[in-house]
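Start from the sequences, fold in the hints, and give me the full structure.
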Amino acid sequence: MTLWLRSVRRPTSVTLRRASTRIPAIILRPATITGSRLIFRGFATTLVQRQATAVNDLDQETFEVLNAERYADEVDVCIVGAGPAGLSAAIRLKQRANEEGKELRVFVVEKGSEVGAHILSGAVLEPRALNELIPDWREKGAPLNTPAAKDKMLFLTEKHAIPVPHPPQMNNKGNYIVSLSNFVRWLGEQAEELGVEIYPSFAASEVLYDEHGSVKGIATNDVGIGRDGRPKDNFERGMEIHAKVTLFAEGCHGHLTKRIAKKFDLRKDSQPQTYGIGLKEVWELAPGKFEPGLVLHSIGWPMDMKTYGGSFMYHFEDNKCTIGYVVALDYENPTLSPYKEFQRYKQHPAIRKYLEGGKIISYGARAINEGGYQSIPKLVFPGGALIGCTAGFLNVPKIKGTHTAMKSGMLAADAAYESLNAETEGPITLDAYESNIKNSWVYKELWEVRNVRPSFHNPLGLFGGIAYAGLDTLLLKGRVPWTFKHPEPDYATLKPLKDVNPIEYPKPDGVISFDLLENVSRTGTNHEENQPVHLRLQRGPKEQLETNYAVYGGPEQKFCPAGVYEYLDDEQNPGKKRFQINAQNCIHCKTCDIKDPSQNIDWTVPEGGGGPKYYFT
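Add 690 to a position in the sequence shown, counting from 1, and you land on the number used in the numbering used here.
Each hint should be verified, as a subset may be incorrect.
Computed Cβ-Cβ distance ranges for the label pairs, DEER-style [to be verified]:
1. Glu-879 - Val-1201: 47 to 53 Å
2. Leu-1165 - Asn-1111: 42 to 48 Å
3. Asn-1009 - Lys-1266: 49 to 55 Å
4. Pro-825 - Glu-1236: 57 to 63 Å
5. Leu-884 - Leu-1166: 39 to 45 Å
6. Ala-758 - Pro-858: 56 to 62 Å
What the hints contain is simulated information worked out from the structure, not anything from laboratory work.
Glycine residues also receive a C-beta, built at the ideal position from the N, C-alpha and C atoms.
Spelled out as structure tokens, the structure:
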């Protein structure tokens, strides 16, 4: 059996041993077909019916192949995710080990085809954490090429744009407009120079536990399994990474983090996390439209007065402009389409004027954390910790989370390094990490603004939230004895279709606004088509039809920014619908896992290397 199926670079020193075999009662697959038809297809093309494969349906040879022993690699620290938090943790660990002349094996797995492939953000970067981590980043060629030069804030009505003061947190003096995907690629280079091992196309699919229930690492998923659940000619088992410390840096709503939080009850003392979906395009502007360093935000239209959201436009290098829209996922109207709101926003006269004559380059979308301080779970558990956006360190009023994610990774690395050096018996618990966070500027930042986002849950909606947020950010600065709560999870906020006014959207013009599938083609997303669908229906498709479609009108068709979900006429049952999953389109935003009102969709990792391939994002 060949071990390294799809790695971009191979390990230089690997100690391999066989891991214990776990034989499940059933080979788990995305969905069992019960009662209704469930159809999966690729990127707007083939139709393929998916079936679950029970152990009894497999011959002995196939069963043994699927359950062959996995190989295991022993490392000191395993980091899941090569984003700002994960790479900052890796860099800090190797910096400290190298300074003291100690051997420390730091192993980073990344599901994207390369470092940065799945990274998407605005982004205006506050360099505070970078200054601490790599003080000579300028000399090392960090791609921070465009200082923020001018801040503008607009309140939009359908026809007009009213300049308004921006809150102090949105003052970007000293910050830089960046492509976060390019910045993360650079961070990856710095990590590798220090001796960090980074393995793109390795999708962590399972958390491993020791006999005492402590985390002992992760396993990557098997590759080469067909959509029928049977091994193909290129089948290879995943591998196990055993680590003394495992840091989860999966980004917002990490799929392994979700399971860890449940196992260790990490959210018992925190409020529900609340989310937004951020959609973004990169444009090359026409001559005369480019204002280097411009940072433009807006609130108001096209959102209604009850829905939290707003826009951003940043002009960075080489006549490029990043433009995007964020819609809070606690919205009520099931006919709302974040993607179409974004396309409609670009048609506003104050925005369209920048884009006319320009050329769109790329598109993407990603869920973001908006819960803030009160939604951060317990960060540590036996054997590991949560860092970065998977824990939820985004500063909502700043519209920034990269600096806090990086700092959290650095603080976790410090705690891990000290614990590893202590050489205590039993599993390592990084209690010092939580105390480090509470004593850091990350905690202070999030504490001061903790009431801003939940203040928009009020009878006056947008205007009530703006009034309180202005008072809090300008005068109170969080120095009040109360902490507002997030009332309920985002999936519980939708109203039945019969209780709302359906939203009508204009057709795209193909110049400023675009058809969804046309934009999906700009994400570079790609998956091996003949593999198990990674968007699993935990209770089968019947619930989607009887709850999501019958009650809410099929909101998945609206909230997915990549056209993954459809309700189509069932040719075999006239007058009825069938639920179709276009898994090939998926851009890994996690919105479906968050907003699905029946909580039936479970986002899991596809084969490593699949998904979007973002650039300039």
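Hints, verified against the model:
1. About 38 Å separates the C-beta atoms of Glu-879 and Val-1201, a value inconsistent with the hinted range of 47 to 53 Å.
2. The hinted range of 42 to 48 Å is satisfied by Leu-1165 and Asn-1111, whose Cβ atoms lie roughly 46 Å apart.
3. Distance hint check: the CB atoms of Asn-1009 and Lys-1266 are about 51 Å apart, consistent with the given range 49 to 55 Å.
4. Distance hint check: the CB atoms of Pro-825 and Glu-1236 are about 58 Å apart, consistent with the given range 57 to 63 Å.
5. Restraint check, Leu-884 to Leu-1166: a C-beta distance of roughly 43 Å satisfies the suggested window 39 to 45 Å.
6. For Ala-758 and Pro-858, the Cβ-Cβ distance of about 59 Å falls inside the hinted range of 56 to 62 Å, so the restraint holds.
Of the numbered hints listed earlier, the single one contradicted by the structure is hint 1.
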